[in-house]
Amino acid sequence: MVTLGIGTAKGAWIVSSADRQSWEISGPHLKGWEVTTLGRAPGGDYLLSAVSPWYGAALHRSSDLSRWQQIVEGPAYAQDRELSRIWTLQIVGDALYAGVAEAGMFVSRDDGRTWSPMTGLNEHETRAGWEPGAGGLMAHRILDDPTNPDRMWCAISAVGVLRTDDGGETWQLKNAGVVCAAADGEDPEIGYCVHSIANDPANPDRIWRQDHKGVYRTTDGGEQWERIQNGLPNESGFGFPIVRHHGTGALFIVPLESDEYRTPVSGAFAAYRSTDDGDSWHVSGSGWPTDMYFAGVLRDAMDCDQLDTGGVYFGTTAGTVFASTDLGETWATLPATFPRISSVRVLDA
Amino acid sequence: MTAEVVSVTVTIPTMLAQLIGGARRHQVAASTVAGAVAALISEQRLLGVHIIDESGDVRRHVRVFHNDVGPASLDTTLTQGDTVTIIQAVSGG
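Read top to bottom, the protein sequences are chains A and B. Going by this note's numbering, the first sequence opens with residue 170, and the numbers climb by one from there. Going by this note's numbering, the second sequence opens with residue 2, and the numbers climb by one from there.
If you are wondering where the hints come from, they were derived from the structure by calculation, not from laboratory data. One or more hints might be untrue.
[Unchecked claim] Where chain B lies over chain A, by a calculated footprint (3+ residues, C-beta under 8 Å):
# : region
1 : 194-205
2 : 213-224
3 : 247-257
Every residue gets a Cβ at the ideal spot worked out from N, C-alpha and C, and that includes glycine.
With the hints as extra help, turn the sequences into a complete structure.
Following this line, the structure appears as C-alpha cells:
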C-alpha cells in the first residue's frame, strides 16, 4: 500500500493505493488550514503541520490518518521570535527534527510530544544578517547521514546550507561554488538561497541541490559545489524541489523559467530527470500536458516512494497531482483537482 | 475594587472549534475580557498558540469582541451573561 499526504492551502488529503493505479482519496483533513508538510513520528504515528494566517502554526498527530489531534507542546520559540510555519519533519534515529520559519530547528526525543530548540543553529553567529527570501526565512529541509548520527545538513532559504558534525551543537555554512542570491555586505558566507537538497544515503557526502541560482551537486558533504544544468530548458536553472530515487540514483526536478516568472518556459510543463547523477537532464518520459500549463511545483511538493519500481509524485500550484510508477517513464494525474499544493509526502510505501 | 467574577460565553471560530471536537461556545468564569480569553485557554490548552502569540499578546490578525462590539479592550469589565467572541480579522486575508 502506498499512501501519500497532500498538503494544500485549504487542508490535507490522504491518497492511498494498493496497486498505484487506482487511488482512494480522503479529505479534507484540517479543513481550512494550510497543511505545510506531513511525516511520521519515530513511533509510527502520522504527523502534519497546519498553519493559518490568523491562528499560527501547530503540529498534529494521528494513528489512523482519520482522526487528528493537535500536539499541545509543539515546537515554539520562547518569545520575541515568531514560529510562523513548520516546513519539514525528519526522523534521525530515535529523534524527530522539525525545520521551521522563522528559520530554526527543533528536536523531539519523545516521539514528538515535546520539543526543544536547536540553539546551535537557531542562534548561529551569522543570524543577525539573515534576511528572508520571497518565500520567507525558513529551515525547509534536513538531511541526515545514516553512517554518522552526528552529521546533518539543514537548508535555509536565503541563508544557505549548513552542516553539523557534532550532533547539532555547532553548524558551519557550506556553499562554496554556488552563486550567491542575496549577498550580505558584511558576511559573504550567507545569502545563498537553497530551495531543496537530496542526498545519497549510501554515500551521504553526495548531495544534490536545487538552488535559486541553479542546480548543483557536491561529493564532499558541501565543501564544494558544482553546477549541473546540462540539458535543462531554463538558463537560470531555477526551480524548487529535487528528489532522488536511491535504488537507481535517478534525480527529478521541475524547471521554471526564472525567479521573475516562476512558471514553466513557454508553459511547457514537465519534470526533468537525470540518470547520471546530474551530468545531464532530459524530459522525464511522457504524459505531460499538451496544452499550456503555467503552474509550478513548490519545494516540499515532490517525493519518491523508494520502491524498486520507482514511484515519483508531485503536486502543482494549480492543484494537480502527477504520479509515475515507473521511475518517470510515464506520468498520469490523480482524478482530483486540489487547492494550491504545498506538500506531497510519501507516508507509507 | 476587584471586579466581580461572572459567567460569560466565549465563542470561537469554526476553524478553532474543529481542533477541540467542534464546540464553538464555551462557558467560562471571568471578570474581564482578558480573563475570559485566559479562562478559555486554561480549559482548552491547545487553543493558546492559536490566540496568543510568542510575546503574550493576542495574535495580530485575531480580534476579540465584547457583546458583539469590537475590537474590545482586553481590560473591559464583564457582567453576568456577557459574550466574548474571538474572530479572524479581515487583515489576515
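Structure-based check of all given hints:
Here the region 194-205 of chain A counts 4 residues with a CB under 8 Å from a CB of chain B, which clears the bar of 3, and the coverage holds. By the rule of at least three residues with a Cβ nearer than 8 Å to a Cβ of chain B, the coverage given for the region 213-224 of chain A holds, with 4 such residues. With 6 residues having a Cβ less than 8 Å from any Cβ of chain B, the region 247-257 of chain A passes the three-residue criterion, so the hint holds.
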